[in-house]
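Modelling step: build the complete structure from the supplied sequences, incorporating the hints.
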Amino acid sequence: MIETIASLELPVGEHLAIRRNRLCYKEDTKSLGRVAVVSGTHGDELEGQYICYEVARRIAAHPEYLTGIVDIYPALNPLGVDLASKALPITGMDLNRMFPGSREGNAMEQIAAAVMEDLIGTDLCIDVHSSDIFVQEIPQVRLSGEFAGRMLPFAKLMNVDVIWMNATATVHEATLAHSLNTMGVPTMVVELGQGNSINMPYGNQVVDGIFNVMHEMGIWTGEVPPTQLPAISSDGKVEFIRSDVEGIFLPRNKHNHFVCVGELIGEIVDPMAGQVKRQVAAGKDGLLFTLRNYPVVYEGDLLARILTGIV
Amino acid sequence: MHIHEIYTVHSTYREDMKIRGYTFGQGEKSACIVGPLRGNEIQQMYVCSQLIRALKELEANSCICTGKQIQVIPVVNSYSINVGRRFYGVDNVDLNRAFPGNSYGEQDRRIVHALMEDIGSYVYGIQFASFYMDGEFMPHVRMMETGYQNTSLANLFGLPYVVVHKPAPIDTGTLNYNWQAANTAAFSLFTRTNWEIDERSASQGVAAVLRFLKRMGIIRYDSHSGYISHVLYEQDLSDVHTGRAGIFRGLARPGDDVRYGRPLAEIIDPQEGVVRETIIAPTDGIVFFAHTKALINQGDIVYRLVHRLHE
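Line order of the protein sequences matches chains A and B.
Note that the numbering used here has the first sequence beginning at 1, numbered continuously upward.
Note that the numbering used here has the second sequence beginning at 1001, numbered continuously upward.
Hints should not be assumed to be uniformly reliable.
[Claimed, not checked] Covered by chain A, according to a simulated footprint, are these stretches of chain B (three or more residues, beta-carbon under 8 Å):
| # | region |
| --- | --- |
| 1 | 1167 to 1175 |
| 2 | 1236 to 1246 |
[Unchecked claim] Only pairs whose alpha carbons sit at most 16 Å apart, straight line, appear in this in silico EDC-like list of lysine to aspartate or glutamate:
| # | chain 1 | residue 1 | chain 2 | residue 2 |
| --- | --- | --- | --- | --- |
| 3 | B | 1018 | B | 1118 |
| 4 | A | 277 | A | 267 |
| 5 | B | 1018 | A | 299 |
| 6 | A | 156 | A | 208 |
| 7 | A | 30 | A | 123 |
| 8 | B | 1166 | A | 104 |
No wet-lab data here; the hints were simulated from the structure.
All C-beta atoms in this analysis are idealised placements derived from N, C-alpha and C, irrespective of residue type, glycine included.
Take a look at the structure:
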């Protein structure tokens, strides 16, 4: 059943509405387990659109296997999705830095508070993000160190390639995941692909993981495809490669590929002069799990990440 | 006056963005004034430019006290100002949420890190800042309740109000918060506007800083004593929300003394021209903040009133 959980009137003949599709085929819902799949907090991260679709499609194809509640929130920032804008188009603010929101605050803070209220009581929340528009990522779960102990058993079931503990700002304060975890709702951030696009093989991999988790939780009784165990990493095992010069970055290696020390990852070039300004090489052996696709770079921009310490 | 470069951003196709500090006097790092971290803080840049003009004259007349040094950074984020954007760079980062930064991360982190390295050891830190909501304020000093705040010192600016704000998780990335963490007595000054120049409140801002510097024994300068500030806690402001969206017709301005039950604003139907909603004052008080844009969404804050205060 599709319900509007929050709505506010916009100036001219339109509402900003946050909708949730509740999938449940039982009469008495009080004692049922509940999983939420949340996406579209950043409007330029569209991998979650496919994941939401595929979860809903598989459940609709076999409703007899669903013994709990699955709530799907495809777009927490619907105007952003419409405009391919990471931020909230009206204010330019990042919705994922506004949680837990406030019922007394401005309109978007009230929306954030309404989302939080709707998610309270969920047994597991999966917050799906793409990478940004600059780099591509393999499917991974990101956990903050604070909640890693509780979330790791769930994360291992997600069929991702990597679990990155104490990762980036996506799991830090004022985010949906951090706020929900603080309020006792187990929440993990899944990140994959790249902004403004959909990688269906990655999406299917994560959807298999979602059904695997639901199966373990007793919410899904259907068969689940075989899943893999992820590599587990803390920040210390991740080698960041950043640009030390401005220019145009040309990737010279494959994403999701094992690289050795000294192997060329990319080049930063000067289009005006036709010169290579920097050759960027791997500093350590490992899996090239992040690779920049967006060409224009400044000093400090992320070019690649290598997951070390795995064989 | 001495000018030094704090940080330089190199770009492939734009000229360098140079962050410059203008220092006056020599000796103890007494006071530092920082201008726009955001591209919409035009009024803030104007105030800082006028401060530099005034301090240059004071220095020429030997009015900077011996052993005291003042620094003004009139603009940080000139790249965004020049293209009319609020936030920094292609990934649209709010520099005033990126503190304390670091020397090895993304460029926004490097910029604020370099800034903190330069300004972190001043005794007093003054930022001309902007609020996340668009609108006009009564000129005031804003402080975070970090345990280090000192409202008595804030009174010495002689502005009409001092507002103490309890920091939310999102505020821990601001300059004010991190300045305080570095043992600088930090103050954020708000004049009326951002995008537009408001000469009257800009002059008030310049006068407030010079008054403070004089009272702290940093400059020799004769100035009016200003106001005995009214200290208030942000949670004590009465927020007035809209019930409808549409065209906003404000009937009260910052500083107005309003009465319970009197109309504050009207929301006009943008297609039929009729009044959709008349917003009524929920209390007697002074208008502290007023929404000024032509359009308004349902649920937004249109006014903040200082409850039961009269002129």
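Taking the hints in turn, this is what the structure says about them:
1. Proximity of the region 1167 to 1175 of chain B to chain A, defined as three or more residues with a beta carbon under 8 Å from a beta carbon of that chain, is established by the 4 residues found.
2. For the region 1236 to 1246 of chain B, the assignment as covered by chain A holds, since 4 residues bring a beta-carbon within under 8 Å of that chain's beta-carbons and 3 suffice.
3. Proximity of residue 1018(B) to residue 1118(B) is assessed by CA-CA distance (about 14 Å); at most 16 Å being required, the pair is judged to hold.
4. The straight-line distance between the Cα atoms of residue 277(A) and residue 267(A) is roughly 8 Å, inside the 16 Å bound, and the hint therefore holds.
5. At most 16 Å may separate the alpha-carbon atoms for a hinted pair to count; residue 1018(B) and residue 299(A) meet this at roughly 14 Å.
6. With a C-alpha separation of about 13 Å, the suggested pair residue 156(A) and residue 208(A) falls inside the 16 Å cut-off, and the hint holds.
7. At most 16 Å may separate the alpha-carbon atoms for a hinted pair to count; residue 30(A) and residue 123(A) meet this at roughly 13 Å.
8. Pair hint residue 1166(B) plus residue 104(A) holds up; C-alpha atoms about 15 Å apart against a cutoff of 16 Å.
Checked against the numbered hints above, the structure violates none of them.
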